[in-house]
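**Q** Sequence:
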Amino acid sequence: MSTPVVSIEHVGEHAGKEVSIRGWLYNLRESGKLLFPIFRDGTGIIQGVISLKEHPDAFNAAKGLTQESSVVVTGKVAAEARAPGGYELHVSALEVVQRVSESQPYPIQLKEHGVDFLLDQRHLWIRTPRQASILRIRAEAERAARNFMDSQGYTLTDAPIFTPAACEGTTTLFEVDYIDDQKAYLTQSGQLYVEATAAALGKVYCFGPTFRAEKSKTRRHLTEFWMLEPEAAYAHLEDMMALGEGLVSAMVQECVKNRARELEMLKRDVSKLEKIKPPFPRIMYEEAIKVLNENGNPAKFGDDFGGDEETIISKNFDKPVIIHRYPAAMKAFYMATDAARPELSLSFDMIAPEGYGEIIGGGERLSSYETVIERLRQNNLPEESFQWYLDLRRYGSVPHAGFGLGLERTVAWICGTEHIREVIPFPRMLYRVYP
RNA sequence: UCCCCGGUAGCUCAACGGUAGAGCAUUCGGCUGUUAACCGAAGGGUUGCUAGUUCGAAUCUAGCCCGGGGAGCCA
Numbered sequence: 027m028s029t030p031v032v033s034i035e036h037v038g039e040h041a042g043k044e045v046s047i048r049g050w051l052y053n054l055r056e057s058g059k060l061l062f063p064i065f066r067d068g069t070g071i072i073q074g075v076i077s078l079k080e081h082p083d084a085f086n087a088a089k090g091l092t093q094e095s096s097v098v099v100t101g102k103v104a105a106e107a108r109a110p111g112g113y114e115l116h117v118s119a120l121e122v123v124q125r126v127s128e129s130q131p132y133p134i135q136l137k138e139h140g141v142d143f144l145l146d147q148r149h150l151w152i153r154t155p156r157q158a159s160i161l162r163i164r165a166e167a168e169r170a171a172r173n174f175m176d177s178q179g180y181t182l183t184d185a186p187i188f189t190p191a192a193c194e195g196t197t198t199l200f201e202v203d204y205i206d207d208q209k210a211y212l213t214q215s216g217q218l219y220v221e222a223t224a225a226a227l228g229k230v231y232c233f234g235p236t237f238r239a240e241k242s243k244t245r246r247h248l249t250e251f252w253m254l255e256p257e258a259a260y261a262h263l264e265d266m267m268a269l270g271e272g273l274v275s276a277m278v279q280e281c282v283k284n285r286a287r288e289l290e291m292l293k294r295d296v297s298k299l300e301k302i303k304p305p306f307p308r309i310m311y312e313e314a315i316k317v318l319n320e321n322g323n324p325a326k327f328g329d330d331f332g333g334d335e336e337t338i339i340s341k342n343f344d345k346p347v348i349i350h351r352y353p354a355a356m357k358a359f360y361m362a363t364d365a366a367r368p369e370l371s372l373s374f375d376m377i378a379p380e381g382y383g384e385i386i387g388g389g390e391r392l393s394s395y396e397t398v399i400e401r402l403r404q405n406n407l408p409e410e411s412f413q414w415y416l417d418l419r420r421y422g423s424v425p426h427a428g429f430g431l432g433l434e435r436t437v438a439w440i441c442g443t444e445h446i447r448e449v450i451p452f453p454r455m456l457y458r459v460y461p
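Numbering of the first sequence is given in our numbering, commencing with residue 27 and proceeding in unit increments.
Don't read these hints as lab results, they were simulated from the structure.
Check before you lean on any hint, since a few could be wrong.
To be verified - Subject to a maximum C-alpha distance of 20 Å in a straight line, what follows is the list of computed EDC-like cross-link-like pairs (lysine to aspartate or glutamate):
#, residue 1, residue 2
1, Lys316, Asp295
2, Lys316, Glu300
3, Lys293, Asp344
4, Lys303, Asp329
5, Lys293, Asp329
6, Lys357, Glu369
7, Lys102, Glu128
8, Lys241, Glu384
9, Lys283, Glu168
10, Lys341, Glu313
11, Lys293, Glu380
12, Lys341, Glu312
13, Lys303, Glu369
14, Lys283, Glu121
15, Lys293, Glu35
16, Lys283, Asp295
17, Lys298, Glu384
18, Lys301, Glu201
19, Lys89, Glu121
20, Lys137, Glu94
21, Lys357, Glu380
22, Lys241, Glu201
23, Lys102, Glu168
24, Lys137, Glu121
25, Lys243, Glu444
26, Lys301, Asp344
27, Lys298, Glu94
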């Protein structure tokens, strides 16, 4: 009869019973003829106790064992107030799967480390309980986002990574040599492609990595980040603001519900997240300018909002804030304008609370062939590359709208992390592509 | 691209013009309830690179390289 293998997160269900845990040695404290190893298995950590007198074989196998050596341990689960986590394992047997060499000890210690060092060790850094928690929350947020979109009747239609042209500014494109004289670029957004699939399927979204060659070095920027981009035919600005509210609320609430342990591990103030339910405050761009002026910020019509401005505006609310109808001149070529106020675009941004910045940008798209042509020329974009896009206006053009949600910024806000580099398994940033 | 800050042992830092140091990690020894355990000992360094100032430079100066934070731009 072999003992059952259990995960540490479920170990409490086996109190008083003999179990096996397959994992790694997280830390080892020695106290004479008693050893206090801490094991981790990816789902949590648990302290073991090994007595020389009772289990000499296990004791000798564990004594001097190096951090992060892989082990299979067997023992009895016991409720123990003195143990971190409430349970400990009275180890009776320990099998070392691979012993970490003393000459090349595990580099990450149980103490503070610098950012540069940790990023160089990212492949190992993700083993720490904090990083593992963040990655579980990211997964939860992704799952919640897809479930929500699917529940709203949206179909996932993935957009290509290689594209023939820009869809945002041309200066932020990663160029890739393709066949002979052809150029390809890494996508900045799946937006143009979901416009096409929206005309085919009605309500669609894409979800995948996007790339921006921006020279941005801030805690809110990654060179490679994931974006969820819904697009719906016959939809208008109002529809997208409502969809964005529902999507963000679902992502936050599912994490609160299903990842309470991880949020607690991160010491996140969950009461702030529990409030994130529709409706969110909505203000027009012009009103936002007014709020800024009242708070001593000299912003004027036509200015874009930077981090400072976003913080001032979001500070007045405990939910994400939707700012809509930005000046048309500030927005991308495909953005529709307000018929009543042609100088304003039918666009909106959603600003996360607590200074996490813009998590959604979107709006209603141009549907007129003539206007699209005109804007392409104004923006010096190559018409020949956009013939397929123009076809969408030639053949049954309809009003349509959508937005892009930045996954990492949203998850960073949910987790309360200082920097978004922690919320993606392997961050790609300016000057950093290792590991 | 611009503005600030930094680079000393494997890691986190100290020394700020006069012999390069501590804690952690590693090795050895001790400890039956430890909580980033503790106690004792040992090994471990071209102070990011190059040039300059000086009797003497980790320390002052210049240039370069690397990293961090921010601006612009964006999600």
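**Q** Each hint: holds or not?
**A** Tested hints:
Straight-line distance between C-alpha atoms of lysine 316 and aspartate 295 comes to about 31 Å, which puts the hinted pair past the 20 Å bound. Proposed proximity of lysine 316 and glutamate 300 is contradicted: the alpha carbons are some 29 Å apart, above 20 Å. Our distance criterion of 20 Å between C-alpha atoms is met by lysine 293 and aspartate 344, whose separation comes to about 19 Å. As the CA atoms of lysine 303 and aspartate 329 are separated by approximately 30 Å, the hinted pair breaks the 20 Å bound.
Straight-line distance between C-alpha atoms of lysine 293 and aspartate 329 comes to about 37 Å, which puts the hinted pair past the 20 Å bound. Taking the CA atoms of lysine 357 and glutamate 369, the gap is about 11 Å. The hint holds against a cut of 20 Å. Distance hint between lysine 102 and glutamate 128 is unfulfilled; the C-alpha atoms sit about 30 Å from each other, more than 20 Å. Between lysine 241 and glutamate 384 the CA atoms are separated by roughly 18 Å; this keeps the pair inside 20 Å, and the hint holds.
Of the pairs offered as hints, the one joining lysine 283 and glutamate 168 holds, with about 14 Å between alpha carbons and a cut-off of 20 Å not exceeded. With a CA separation close to 15 Å, the supplied pair lysine 341 and glutamate 313 stays within the 20 Å bound. Distance check on the hinted pair: lysine 293 and glutamate 380 sit about 15 Å apart at the alpha-carbon level, within 20 Å; holds. For the suggested pair lysine 341 and glutamate 312, the alpha carbons sit about 18 Å apart, so the restraint of at most 20 Å is met.
About 32 Å separates the Cα atoms of lysine 303 and glutamate 369, which puts this hinted pair outside 20 Å; it is violated. Proposed proximity of lysine 283 and glutamate 121 is contradicted: the alpha carbons are some 37 Å apart, above 20 Å. At most 20 Å may separate the alpha-carbon atoms for a hinted pair to count; lysine 293 and glutamate 35 meet this at roughly 18 Å. As the CA atoms of lysine 283 and aspartate 295 are separated by approximately 14 Å, the hinted pair is consistent with the 20 Å bound.
Of the supplied pair hints, the one linking lysine 298 and glutamate 384 holds, its CA atoms being roughly 18 Å apart against a limit of 20 Å. About 43 Å separates the Cα atoms of lysine 301 and glutamate 201, which puts this hinted pair outside 20 Å; it is violated. For the hint linking lysine 89 to glutamate 121, the alpha-carbon distance of about 12 Å falls within 20 Å, and the restraint holds. Proximity of lysine 137 to glutamate 94 is assessed by CA-CA distance (about 15 Å); at most 20 Å being required, the pair is judged to hold.
The hinted pair formed by lysine 357 and glutamate 380 fails the criterion: a straight-line CA distance of about 25 Å is larger than 20 Å. Restraint check for lysine 241 and glutamate 201: the C-alpha separation of about 15 Å stays at or below 20 Å, so the hint holds. At roughly 37 Å between alpha-carbon atoms, lysine 102 and glutamate 168 are farther apart than 20 Å, so this suggested pair is violated. As the CA atoms of lysine 137 and glutamate 121 are separated by approximately 27 Å, the hinted pair breaks the 20 Å bound.
For the suggested pair lysine 243 and glutamate 444, the alpha carbons sit about 14 Å apart, so the restraint of at most 20 Å is met. Restraint check: the Cα-Cα separation between lysine 301 and aspartate 344 comes to about 8 Å, which is no more than 20 Å; the hinted pair holds. Distance check on the hinted pair: lysine 298 and glutamate 94 sit about 36 Å apart at the alpha-carbon level, beyond 20 Å; violated.
Checked against the numbered hints given earlier, the structure breaks hints 1, 2, 4, 5, 7, 13, 14, 18, 21, 23, 24 and 27 and satisfies all the rest.
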